[in-house]
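> Can you make the complete structure from the sequences, with help from the hints?
Each chain is listed here by its residues.
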Amino acid sequence: MSDGSAGEWRPVATPRRLQARARLLAGVRDYFHGAGVMEVETPACSVAAVTDPAIDSLATRYSGPGAANGRTLYLHTSPEFPMKRLLAAGSGAIFQICRVFRDGESGRFHNPEFTLLEWYRPGCDHHRLMDDVAALVQALLPAPAVEERISYTALFHRHLGIDPFVLPPQALRLVAGNQGVPGVDSLDLPDRDSWLDLLMTHCIEPALPPGLCFIYDYPASQASLARIRSGDPPVSERFELYLDGLELANGFHELRDAAEQRRRFQHDLVRRRELGKPLPPLDERFLSALEAGLLDCAGVALGIDRLLMRVTGASHIDQVLAFPLERA
Amino acid sequence: MASYSTNEFKGGLKIMQDGDPCSIIANEFVKPGKGQAFNRVKIRNLKTGRVIERTFKSGESVEAADVLEVELQYLYNDGEFWHFMDSESYEQYSADAKAVGETSKWLKDQASCTVTLWNGTPIIVEPPNFVTLSITETDPGLKGDTSGGGGKPATLETGAVVRVPLFIQSGETIKVDTRSGEYVSRAREE
Chain A
1 MSDGSAGEWR PVATPRRLQA RARLLAGVRD YFHGAGVMEV ETPACSVAAV
51 TDPAIDSLAT RYSGPGAANG RTLYLHTSPE FPMKRLLAAG SGAIFQICRV
101 FRDGESGRFH NPEFTLLEWY RPGCDHHRLM DDVAALVQAL LPAPAVEERI
151 SYTALFHRHL GIDPFVLPPQ ALRLVAGNQG VPGVDSLDLP DRDSWLDLLM
201 THCIEPALPP GLCFIYDYPA SQASLARIRS GDPPVSERFE LYLDGLELAN
251 GFHELRDAAE QRRRFQHDLV RRRELGKPLP PLDERFLSAL EAGLLDCAGV
301 ALGIDRLLMR VTGASHIDQV LAFPLERA
Chain B
1 MASYSTNEFK GGLKIMQDGD PCSIIANEFV KPGKGQAFNR VKIRNLKTGR
51 VIERTFKSGE SVEAADVLEV ELQYLYNDGE FWHFMDSESY EQYSADAKAV
101 GETSKWLKDQ ASCTVTLWNG TPIIVEPPNF VTLSITETDP GLKGDTSGGG
151 GKPATLETGA VVRVPLFIQS GETIKVDTRS GEYVSRAREE
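Note that the protein sequences, when read in sequence, are chains A and B. Position 200 (the first sequence) corresponds to 200 in this note's numbering; numbering is contiguous. Position 80 (the second sequence) corresponds to 80 in this note's numbering; numbering is contiguous.
Some clues are possibly wrong.
[Unchecked claim] Computed cross-link-like contacts, DSSO-like style, restricted to lysine-lysine with a CA-CA straight-line distance of at most 30 Å:
#, chain 1, residue 1, chain 2, residue 2
1, B, K34, B, K10
2, A, K277, B, K108
3, B, K98, B, K14
4, B, K14, B, K105
5, B, K47, B, K105
6, B, K14, A, K277
7, B, K14, B, K42
8, A, K277, B, K57
9, B, K57, B, K14
10, B, K108, B, K10
11, B, K108, B, K47
12, B, K47, B, K98
13, A, K277, B, K105
14, B, K98, B, K108
15, A, K277, B, K34
Bear in mind the hints are in silico, worked out from the structure with no lab data behind them.
As structure tokens, then:
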């Protein structure tokens, strides 16, 4: 990391892009105020943290009244758990715009702290929420974008001619090799889903059509906090939105079953232990909220910085941030 | 054995791949929001010069290549090896034809070369950007032609052949850009 050499105090984003950010945030608030969705704030620091094996939390320490010996607080990676507690307490439709933090993520499309827009719609499933996401994004884009919706299965059929639900890891490795992904022979990935992630990021994303592309009904093993719809095969009622091939949003028809949620958390912790990752405390208050009863709802998180990249034609996330990691 | 984690990847880092030393040209972090992170890397094989791409699982470690670049003085060629010396430590190195390659045609005694060492052995020898060499043979040019247009081949003392303007004669000393293999000017008498 560079030190304070000349000019490093200056913002990286141009004034035009900083103005575009302000307009985008105002546009988001206009949309939700018009739709009767309430803006909320929840803590950025929590005693509990996400368990997802692919997401790592940053931690900090609080000492003071109530914590004489200090206690670890985790910076949120998304405001999902406390927002669902608000929903369980009867908030109705809510949205939040906040800075979230993820350890280990830095690159052309990643900054370890970034702006997330997250919202929840009671009485919606993931398909109705996709309508909502499309309406919001279209309202924020400078020109209307074409829109496509395709299931995860159909997508893999279309781009790779394979069924992502049945092929074993060795076969997926072979597909990646045939698709020209370099160095797959020496690649040691922990599970089947990681191979699917490889195919998605290296083979499918670059070939996605321009405009909005919603991908829905993910493998049950990638459900995260989405409910699983039984069937053959069972699928998770989860979707992702890509804009011009860039992953922009992830949404769920939300899991409401507290016991199932606890099992998934524990399963995550087992995976984290196998991967040698830290084991954060489970969010017991979130689990209590589910036990008390979460109404049928769908929720989604959308990366504001990436949307801003597409709106302003930026090729690197640093170009839309006043002070990215290198100058933070 | 020294190794680098993918978090240390950046342009110029030297790593081992397929048993050969390589230099990283570009490194991209790729990660789905809820999935496996990868580093998509472009690397140059320092022995073959070939550029290849590789995909690594983020967090994985890769063997480091013991590679460094040094300035060495060219001494002589014994028919099989080209010999060089570090003018500070007086340590000597010998490079084979594979390492020297096309550079041999620019090598004159005392020339200062950039040599890439892998485990202490030269694998790439780069000549200075500009060399001053005398012409051993070229057709007599037309008198009075100073434009340089057209040109003619000239053989240099090291064996290299370059195009020179018609007014340049055998026995003259010229400056050549080794990157393009092109004549630059007459060498000034100093």
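> For the pair supplied as a hint, A:K277 and B:K57, confirm whether the alpha-carbon distance does not exceed 30 Å.
At roughly 15 Å apart (the allowed maximum being 30 Å), B:K57 and A:K277 satisfy the hint.
> Could you grab the alpha-carbon distance between B:K14 and B:K42 and see if it respects the 30 Å cut-off?
It holds: about 12 Å lies between the C-alpha atoms, which stays within 30 Å.
> When you check the alpha-carbon spacing of A:K277 and B:K105, does it fall within 30 Å?
violated, 56 Å
> For B:K47 and B:K105, compute the direct alpha-carbon distance and say whether it is at most 30 Å.
holds, 19 Å
> Taken at face value, is the distance from the CA of A:K277 to the CA of B:K14 at most 30 Å?
holds, 28 Å
> Need the status of pair B:K98, B:K14: alpha-carbon distance at most 30 Å?
Satisfied, since the Cα-Cα distance of roughly 20 Å is no more than 30 Å.
> Mind checking the alpha carbons of B:K34 and B:K10 for me, to see if they're no more than 30 Å apart?
holds, 25 Å
> Run the distance test for B:K98 versus B:K108: straight-line Cα separation, threshold 30 Å.
holds, 18 Å
> Can you confirm whether the C-alpha distance between B:K47 and B:K98 stays at or below 30 Å?
Since the Cα atoms of B:K47 and B:K98 sit roughly 8 Å apart, the hinted pair holds (cutoff 30 Å).
> Taken at face value, is the distance from the CA of B:K105 to the CA of B:K14 at most 30 Å?
holds, 28 Å
> Regarding the pair B:K108 and B:K10, is the alpha-carbon distance no greater than 30 Å?
violated, 36 Å
> Mind checking the alpha carbons of A:K277 and B:K34 for me, to see if they're no more than 30 Å apart?
holds, 16 Å
In summary, the structure is inconsistent with hints 2, 10 and 13 from the numbered list given earlier, while agreeing with the others.
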